[in-house]
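Just so you know, the sequences run in chain order A and B.
The first sequence begins at -2 in our numbering and counts up one residue at a time.
The second sequence begins at 2 in our numbering and counts up one residue at a time.
In case anyone wonders, no lab produced these hints; they're calculated from the structure.
Be aware that one or more of the hints could be misleading.
Using C-beta positions, here's what the derived DEER-type ranges look like [said to hold, decoys possible]:
hint, chain 1, residue 1, chain 2, residue 2, range
1, B, Lys157, A, Asn277, 25 to 35 Å
2, B, Asp12, A, Thr305, 23 to 33 Å
3, B, Ser15, A, Thr118, 32 to 42 Å
4, A, Phe111, B, Asp131, 19 to 29 Å
5, A, Thr315, B, Ser15, 48 to 58 Å
6, B, Asp131, A, Val283, 49 to 59 Å
7, B, Lys180, A, Gly49, 50 to 60 Å
8, B, Asp158, A, Asn116, 20 to 30 Å
Built from N, CA and C at the ideal position, the CB exists for glycine as well.
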Amino acid sequence: MFGLIGHLTSLEHAQSVANELGYPEYADQGLDFWCSAPPQIVDDIQVTSITGQTIYGKYVESCFLPEMLASRRIKAATRKVINAMAHAQKHGIHITALGGFSSIIFENFNLHQFPQVRNVTLEFNRFTTGNTHTAYVICRQVEECSKRLGIDIRKATVAVCGATGDIGSAVCRWLAHRLQVGELLLVARNVERLTTLQQDLGKGRIMDLELALPTADVVVWVASMPKGLEIDPTILKQPCLLIDGGYPKNLANQIQHPNVYVLNGGIVEHSLDIDWRIMNIVNMDVPARQLFACFAESMLLEFENWYTNFSWGRNQITLEKMDKIGEVSIKHGFRPLLV
Amino acid sequence: MQQLESIPKYDFHSEIYKDAYSRINAIVIEGEQEACENYVKLAELLPDSQAELARLSKMESRHKKGFEACGRNLDVIPDLGFAKQFFSQLHANFQRAATEGKVVTCLLIQALIIECFAIAAYNVYIPVADGFARKITEGVVKDEYAHLNYGETWLKDHFQPSKSELEQANRQNLPLVWKMLNQVAKDALVLGMEKEALVEDFMIQYGEALSNIGFTTGEIMRMSAYGLVSA
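Just need the whole structure built from these sequences, with the hints factored in.
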């Protein structure tokens, strides 16, 4: 059995979902209540591969909300992640993806130091960040969509914003070595990490966001911020392909400009309908087919019986691992969302 | 992104710590004493389980002695008058239910609510406890799972006939627990135990117990949060 640990995008969203699902006790509550709320399994999932194989899974709502990070309620945020992981393990789930902010919180606050959760010792090999599949899907989106928009990727300038993160650095590796993009712009806050990344890649130019955005033919946004991001589309090149692989995804709603193509990054479409309710709740355009690539990774690991933390730690994603997950992604009928 | 603050070091011998400890320690001692008596009462109501319940009762008595030693170790005199008052309403509800022969209500109060709260509080306390109290509490918490398990198993086996009484008893007693928690939230914080962590751990433990007994996710969400906000 596979699992997905997810959360809602804001307090307002959480309240409306609780209302829709018929839990008025949760719907009327403010942030304090959510800081005390326990994890819940809120959906049972059935997925069939194009090979005919069927697997089963569960969706664990962690009750984390991004406002917890924004208001520095860090202990609450970390409790949500750890408690949701313990909940998944207690329910016998073999492999669970840490969706949304869950993996970011796990990594940033070094939660691997706290494997003991009450009477449960967390087995980290039962969890995956799903970042290898997300990075792979984003790279395929860059490749396919630029082709469709007439952007020659070998001549194009591609800016990766959030380049030093786990997903960002993997995307940079693929863009530099597999796609051999014309110019690679590395954008992130930490200069030391940027320099290390640049040395590892043997390629790429470090640049500030303000300078990089107007220069790039393709912008890959893979930074995650509790409050979202605002970009002025008029400063971008035209045409420009903007892949929003961050979390939460808010660029597609925000940017409506004739020659700026915004695509939700790190999203896959399955070839067959998935039996679940949860993607309605996270507002996917085609809820029965579309899902976050990180969630799909746990499904792929379940299909293949690879019960291991395939994506774990920071900057461990190799091109070989991306190839490997990409191969089984295609085999089971997932494909990157395209413009 | 911000860094997680490491657990601060507490001055276990400061006056402010010892003052808060005198009430929290008393609650724990009184709680174990009442649990000991409640299991004796339950044994009268459930003669088939007499041996098992007598064993659980003795265990609670041992826990009480352990926690008394924790107080002595810090040179703290537990405020038992406060603790008796603290438990009085819940205690009265248990006594009334026992007199009326309502086994289900008695089990919900003692074997579910009180045990889940004890487990939650002990688990939150362990990382911030002094070395002596940590060892004692780690031993106790293992036993408390056995007590919870007794109540869960009995109620699971009698789920359908007990369901409405459980819901009624939950409505009557859970709001008391939130009020009790509010009463000691400040003292608990002095000891390094945050109210929201206590509530969360309680809801996890109580939710798991209700799930094992047979309640659905929706029922659990409603029952375990009952009265929390108005408290």
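Each hint, compared with the structure:
no.: 1; hint: Lys157(B) with Asn277(A): 25 to 35 Å; in the structure: holds (33 Å)
no.: 2; hint: Asp12(B) with Thr305(A): 23 to 33 Å; in the structure: violated (45 Å)
no.: 3; hint: Ser15(B) with Thr118(A): 32 to 42 Å; in the structure: holds (34 Å)
no.: 4; hint: Phe111(A) with Asp131(B): 19 to 29 Å; in the structure: holds (20 Å)
no.: 5; hint: Thr315(A) with Ser15(B): 48 to 58 Å; in the structure: holds (52 Å)
no.: 6; hint: Asp131(B) with Val283(A): 49 to 59 Å; in the structure: holds (57 Å)
no.: 7; hint: Lys180(B) with Gly49(A): 50 to 60 Å; in the structure: holds (57 Å)
no.: 8; hint: Asp158(B) with Asn116(A): 20 to 30 Å; in the structure: holds (23 Å)
The structure fails hint 2 only (numbered hints given earlier).
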